[in-house]
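Novice: Below, each chain spelled out in residue letters.
Number of protein chains: 2
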Amino acid sequence: MRTFGDHVRTARARRAEREARYSLRQVAIRIGVEPAYLSKVERGLVPPPSEATIVRLAEDLGEDPDVLLAMAGKVGNDLRQIILRRPKQFAELIRGLKNAPDHAILKVVREVSDGNW
Amino acid sequence: MRTFGDHVRTARARRAEREARYSLRQVAIRIGVEPAYLSKVERGLVPPPSEATIVRLAEDLGEDPDVLLAMAGKVGNDLRQIILRRPKQFAELIRGLKNAPDHAILKVVREVSDGNW
DNA sequence: ATGAATGTGTACTATGTAGTACACAATCCA
DNA sequence: TGGATTGTGTACTACATAGTACACATTCAT
Numbered sequence: 014m015r016t017f018g019d020h021v022r023t024a025r026a027r028r029a030e031r032e033a034r035y036s037l038r039q040v041a042i043r044i045g046v047e048p049a050y051l052s053k054v055e056r057g058l059v060p061p062p063s064e065a066t067i068v069r070l071a072e073d074l075g076e077d078p079d080v081l082l083a084m085a086g087k088v089g090n091d092l093r094q095i096i097l098r099r100p101k102q103f104a105e106l107i108r109g110l111k112n113a114p115d116h117a118i119l120k121v122v123r124e125v126s127d128g129n130w
Numbered sequence: 014m015r016t017f018g019d020h021v022r023t024a025r026a027r028r029a030e031r032e033a034r035y036s037l038r039q040v041a042i043r044i045g046v047e048p049a050y051l052s053k054v055e056r057g058l059v060p061p062p063s064e065a066t067i068v069r070l071a072e073d074l075g076e077d078p079d080v081l082l083a084m085a086g087k088v089g090n091d092l093r094q095i096i097l098r099r100p101k102q103f104a105e106l107i108r109g110l111k112n113a114p115d116h117a118i119l120k121v122v123r124e125v126s127d128g129n130w
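Chains B and L are the protein sequences, given in the same order.
The numbering of the first sequence is the numbering used here, which starts it at 14 and goes up by one.
The numbering of the second sequence is the numbering used here, which starts it at 14 and goes up by one.
What the hints contain is simulated information worked out from the structure, not anything from laboratory work.
Among the hints, a few may not be true.
Just so you know, same-sequence chains aren't split out, so a pair can sit in one copy or run between any two.
When the alpha-carbon atoms are kept at most 25 Å apart in a straight line, the in silico DMTMM-like pairs for lysine to aspartate or glutamate are as follows [to be verified]:
| id | residue 1 | residue 2 |
| --- | --- | --- |
| 1 | K53 | E64 |
| 2 | K101 | D77 |
| 3 | K111 | E32 |
| 4 | K120 | D91 |
| 5 | K120 | D19 |
| 6 | K101 | D19 |
| 7 | K87 | D19 |
| 8 | K111 | D19 |
| 9 | K101 | E76 |
| 10 | K120 | E47 |
| 11 | K53 | E32 |
| 12 | K101 | D73 |
| 13 | K101 | E72 |
| 14 | K87 | E32 |
| 15 | K111 | E72 |
| 16 | K111 | D127 |
Generate the whole structure from the sequences, applying the supplied hints.
Specialist: Given below as structure tokens:
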């Protein structure tokens, strides 16, 4: 399956073809890590970075932070805080949606984002 | 606010009044940790244990694992895996419910657990 | 009154996390 | 053609996590 490093490398390389500012080195410096480290991350020689670094990376590349975090096996801190305030309800909700088809989740999402309460 | 250690100590002590098998030592041994460690956990001298240990503790005490994990600032691994499979949808859903009143969440939960799809 | 059980203090440790520091060969480009 | 830039190899590190090991004084049960 697609790993975190692969995904980042592909996304960055695509941009690098057009704009020099997406070289590994320049991205690394912008997001505040050593180029050697980002190199290892992209090749999967080290585990994915911390949440904060992943978010900076996602922003720099214009990728969805939630998706990038997910590829790193992490759930964003903001989402965790929301769940932690009502653990029982969210646990039941999430488990209830485990095997639901995509369209069912979308339906619930839409219902909720319409502020239907 | 109520800490993890306080909650565990209170719950365990309540049971210990009636049944000797809920002494700190016996619980510690059943869940597979050193008594000295559980003692420190209950008094908040060390951070809450790992997820696996918290779950064993919750089971031993008959407490809700999701709630105990939440008090430790953690979201259970099973829930995380479910979220990670569809990060965008769940992110939107959870953020959408951030400020929803309890009854609204319950409504969604019920709708979902009715398998309404 | 004594042996078992209880809770706790002190010291130590293994593994994981999240990187830095620096040198190097290859490539670009002016 | 030579200075700048690029990606990468090697070595090292600070801090966090998740506990163990053992001794000790106190209390409980018989």
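Novice: Looking back at the hints listed earlier, which ones does the structure fail to meet?
Specialist: Numbers 3, 5, 8, 10 and 14, in rising order.
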